[in-house]
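Chemist: Below are the chains, spelled out letter by letter.
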Amino acid sequence: MKLFVQVDGREFEVELSHVAGKRVMLIDGEPMEVDYRAADALGQVILMHAGKSYGISIEGTTHQVHATLAGHAYALHMEDERERAASLAAKAALGGGGPLEAVMPGIVVEVLVQEGQQVEAGQPILILEAMKMQNEILAVAPAVVASVHVKAGDTVPAGAVLVVLRGLES
Amino acid sequence: MKLFVQVDGREFEVELSHVAGKRVMLIDGEPMEVDYRAADALGQVILMHAGKSYGISIEGTTHQVHATLAGHAYALHMEDERERAASLAAKAALGGGGPLEAVMPGIVVEVLVQEGQQVEAGQPILILEAMKMQNEILAVAPAVVASVHVKAGDTVPAGAVLVVLRGLES
Amino acid sequence: MFERILIANRGEIALRVIRTAREMGIECVAVYSDVDATAMHTRMAHSAVALSGSTPQETYLNMDKILDAALATGAQAIHPGYGFLSENAEFARRVMAAGLVWIGPPPGAITTMGDKIESRRAMAKAGVPCVPGLQDPVDDFQAALTAAETIGYPIAIKAAAGGGGKGIRIVRQASEMESAFRTASGEAKSSFGDGRVYLERYLDHPRHIEIQVLFDQHGHGVHLFERECSIQRRHQKLVEEAPSPVIDPATREAMGQVALQAAAHVNYEGAGTVEFLWSNGEFFFLEMNTRLQVEHPVTEMITGVDLVRQQILVAAGMPLEITQEDLVIRGHSIEVRINAEDPSAGYLPSTGVLHNLRMSGGPWVRLDTGMFRHMEVGLTYDPMLGKLIVWGPNRTAAIERMKRAIAEMNVGGVRTSMPAALMVLEHERFVAGDFDTHFLESLEIRPPEQYLRLIVAAAALYRHGLVERSAMDPLASERRGWRERGRREYSAYARRQLERGESQ
Amino acid sequence: MFERILIANRGEIALRVIRTAREMGIECVAVYSDVDATAMHTRMAHSAVALSGSTPQETYLNMDKILDAALATGAQAIHPGYGFLSENAEFARRVMAAGLVWIGPPPGAITTMGDKIESRRAMAKAGVPCVPGLQDPVDDFQAALTAAETIGYPIAIKAAAGGGGKGIRIVRQASEMESAFRTASGEAKSSFGDGRVYLERYLDHPRHIEIQVLFDQHGHGVHLFERECSIQRRHQKLVEEAPSPVIDPATREAMGQVALQAAAHVNYEGAGTVEFLWSNGEFFFLEMNTRLQVEHPVTEMITGVDLVRQQILVAAGMPLEITQEDLVIRGHSIEVRINAEDPSAGYLPSTGVLHNLRMSGGPWVRLDTGMFRHMEVGLTYDPMLGKLIVWGPNRTAAIERMKRAIAEMNVGGVRTSMPAALMVLEHERFVAGDFDTHFLESLEIRPPEQYLRLIVAAAALYRHGLVERSAMDPLASERRGWRERGRREYSAYARRQLERGESQ
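For the record, the sequence lines run as chains A, B, C and D.
Just so you know, we're using this note's numbering here: the first sequence kicks off at 1 and counts up by one.
Just so you know, we're using this note's numbering here: the second sequence kicks off at 171 and counts up by one.
Just so you know, we're using this note's numbering here: the third sequence kicks off at 341 and counts up by one.
Just so you know, we're using this note's numbering here: the fourth sequence kicks off at 845 and counts up by one.
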């Protein structure tokens, strides 16, 4: 099964198979020979490729992986064909709107919109204070505010739904 | 149930019980109030007692524990009443002899005794090379060599039975 | 000398103070909030007192609880570290009133220097060069607009009670004034409980250069040369070094003398830092930090002087044993801050549990951190997890050593600022010493493309391993997969918005 | 300068060399045995070549495989580290014959200095003071007995081809000669493939003091002062420091000059160490180690000179940039070796998996180690897992700092030598500088009694936690319990025997 790997704005197609007991990896159709070995169960890995050795640190889940090589950090997203189909379907259903979640824990300083209000792309929706910085959260596209789930002074955890927008494009 | 804890040549009797939901510990009959908290699942512990705080590292099993406090190392052996009874019975059965095991992996350089031979306390039984040092393994008490399980040149893992002695004291 | 001191702080700086105090044979009392019950500073102190609660207000900012802890444990002095109560003159006064020694400058010096407006007034009087600007707070944005005409754009709006870059906004034209004034004042109010702001000229291509000073209680003072702190973002420093590549011996001597003059003017005692803006060979007084700085280790590395030890000796009334003539710069030192933030996504704060730590080591590498495996990184406190510090015989060697040290380090479980620091160190402008305080903000932090295929291969094989391991519980894996993907969608969404918000 | 070098070693020293090479922009080729496939040096190099096999003979001592690896990867030079092939003149010759650069002294110097008998002869000729003794190997114990009459007891029997204390036996009276001769010769044969031994006078209250030298290929040489290495057991050093508390500037200068003279006599190149026995103000040439020493960091810390960098520069043909006048001792440095052994049980070797690591850090603490969590510590290689090094402005400060650094360190999974080092550092005789090479052996390593009840409480609660966790699988826990107890019985048994064996 194909695996789609996104990293730094690019996408790679990976095919991993076993031919005669040997692992074969294709990246974008080209063979990639690597020797991969875990140094511990915690994400310390050594990878050998084309005569070079790389000490890599890697953590994450089957879909979100974070890797560090010689101080450089890579955030990767992975999904296989079946998962990709499902995620495309889900995206289409949202139609440019969807729930607006807190990307980090914080305190709601001010909510600048009301239910039913129409908002422009770039319009501030609310102000969230996190890490002692005040950040304006903006609409990315024209939308209607379907529901508001927080009020000023609320402490919200990461992932909390703040506001639900209904896209005008759908 | 009582716990016997041996450390640095001394033995302590520990009683751990719960009174009204609170843990009560007695060491040699005297109350010992401690606050014990694990910093991780790997053996980093903080212990508070009598207004002092101690960062302790601790590893091991239910019977053998190694603890480090401020650079000092403590090797502890623990057994409860039931286990102690069993171990005393086992010791009595051996009667001063018993199997002689390799305490560390090494190479047998020379075996100095034969089956059936009588040995004195302090007599060399064999020479084991480990860590590039040659060490003579001696008999601790008068005994008869019941069986010899290795020969010169053998590589032995830790715990391997080298020779079995039959005590003359029994 | 003290037998026992209390450290009214947490994290790497609490551990830093404990380390020196231990070496001096002084017992340490730590205080800790609920989340810090198993923190390194709690474990490494001789005693630890719980400050029940989790917010800064309930714990490390709570004067009553801290004073009670000191009195209950028989501590004779309090070291405040940096941040929290370290520049709080009221706390310093209360410490002294309780019969304890305050390991810091006299409250009067804190008050004068802590108020940016008052400090500029005092410094102007002392003959110290200051940046053109108003010395009084402005009441509203209309007043600010009027004042700006006199000072000239660009203008910096700063919190009168602020510090560390918080509450600062830059205004490049009149039309930006209203919104900037509002947010600056709002942040000042929420951060410091004091919404007053003032204006000053914003210098172009400025460098942030600061002088470390040390005064005893007997009027003797020395300076320990400069630190170059221009690599910063939103006025939060990321990479610091000593000495500065642009300061020649004559300028160093001049800045040192001005710093001593500034400190002497307020009867300073202990360790302090006089910050300057340097622009085209001129330098202007910016502010004085009346405490130990985060970046103090680079000064320690080039002078061999343990600044915390000196703070404690001075507080105990000992005369300084160091003379200005004793102090010589040896080699070069660089510090990189390890912040829990994602520099490739607008330095978004990052939280998580540290479960894949790999620490740097080896020759002339120093790691000051309270990190440990299983540590939870939240948002309650400062995102700084630690500092990597290196020494080298010269700047080039120090840069190469820091690159090596960063390559060895991994803080798995959160994103960190280290990739940004690495890009700085690899940049030809940094290597040439040609940068200003805007340099870091101009960098787009992206990993090198040449390793992308390799990393993709590693990630695919990592996933493969996870899938094989979870083969016994395929449903759990599936569920987690979906949840993670869902979270990513919305993270990306909100991140884009946040970035837009910031570019305003 | 080289573009790529191969490091023919493992563990902390391979990593040490990689670190400096990386900082110099040189690519590193690591070689690794089967058990080292995921070792730090394998991970931190730019390329890594498998030396299939696990014994030293199959791997790090295998000249063919190492030369093949260097040629296959395009390495231009080979750094041997210490131990393994570092003092093997044949290997040095083969490296050069293969058209590669040997990062070490000329083979002739290795040969002369590597043979203790030949080296003493050469040094006597060069006018260097030597310990009274025979210069020729003795054939059997009878010949040894006769020779001993002339030299006078106590006598040291040493391996002609030896180093690092291996194969050395002390004979205090004639009756001990036979058994000592046999074991010394046997160990020499098995360790070095050469059973020849020689005799020399054993000095009472001797101190082991060594001088670091550095020579380029153009005849210029400097010494980098002394290291005090008297804290040793069975001639294995445990705590080293620089400078020595007993060496005054005049003696230092004299020893430095003799060391330079010794090295110049054999046309030395690169970094080397001239070891002396010091006794009541006199010093005698002991041997020269024609390689980097384990304890080189203490010299680096007090001089600021990176010795590995100098080795590489010299090997590349560069003239030394350092002059004797440039070199000044700044402060004091101490190193503690972290060996996998149990000092409270006769320094019995200890094996296991490192699963509870806590690393020291903070100001002026350096940790040179290849340790990582999940690392397996076996018996195949040297028991040294790493080294803790500290710097301080003076000896007292350095001692206090090292005590603090040891308190922070934990290597869970094996026993280590650190408690012994801590007892040394806390001992009034060490603090006073009053010790000799027998000091460590005279110490009984026991933990302080005052914490026994506390530790007992911790262990009981730890057991309580384990029992609660394994409540789901009581049988497994029970089985393990019994097995562990059984093992302990026999460990204690064999240990007693081993201790008796050693006291002979």
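Worth double-checking, as some hints may not be accurate.
As a list, the in silico DSS-like pairs of lysine-lysine whose alpha-carbon atoms are at most 25 Å apart [unchecked claim]:
1) Lys222(B) / Lys192(B)
2) Lys151(A) / Lys465(C)
3) Lys1033(D) / Lys52(A)
Using C-beta positions, here's what the derived DEER-type ranges look like [unchecked claim]:
4) His188(B) / Arg786(C): 33 to 43 Å
5) Glu962(D) / Phe174(B): 56 to 66 Å
6) Pro494(C) / Glu81(A): 31 to 41 Å
7) Gly167(A) / Glu781(C): 42 to 52 Å
8) Lys321(B) / Gly943(D): 24 to 34 Å
9) Pro494(C) / Gly167(A): 34 to 44 Å
Some chain C residues judged to face chain A by a derived CB distance under 7 Å, without partners named [stated by the list, open to error]:
10) Lys405
11) Cys470
12) Val471
13) Leu653
14) Asn696
15) Ala747
16) Arg786
17) Pro787
18) Ala797
19) Ala799
The hints are simulated quantities; they were obtained by calculation from the structure and are not laboratory data.
All C-beta atoms in this analysis are idealised placements derived from N, C-alpha and C, irrespective of residue type, glycine included.
Chemist: Tell me, which hint numbers fail for this structure?
Modeler: Violated: hints 2, 3, 4, 6, 7, 8, 10, 11, 12, 13.
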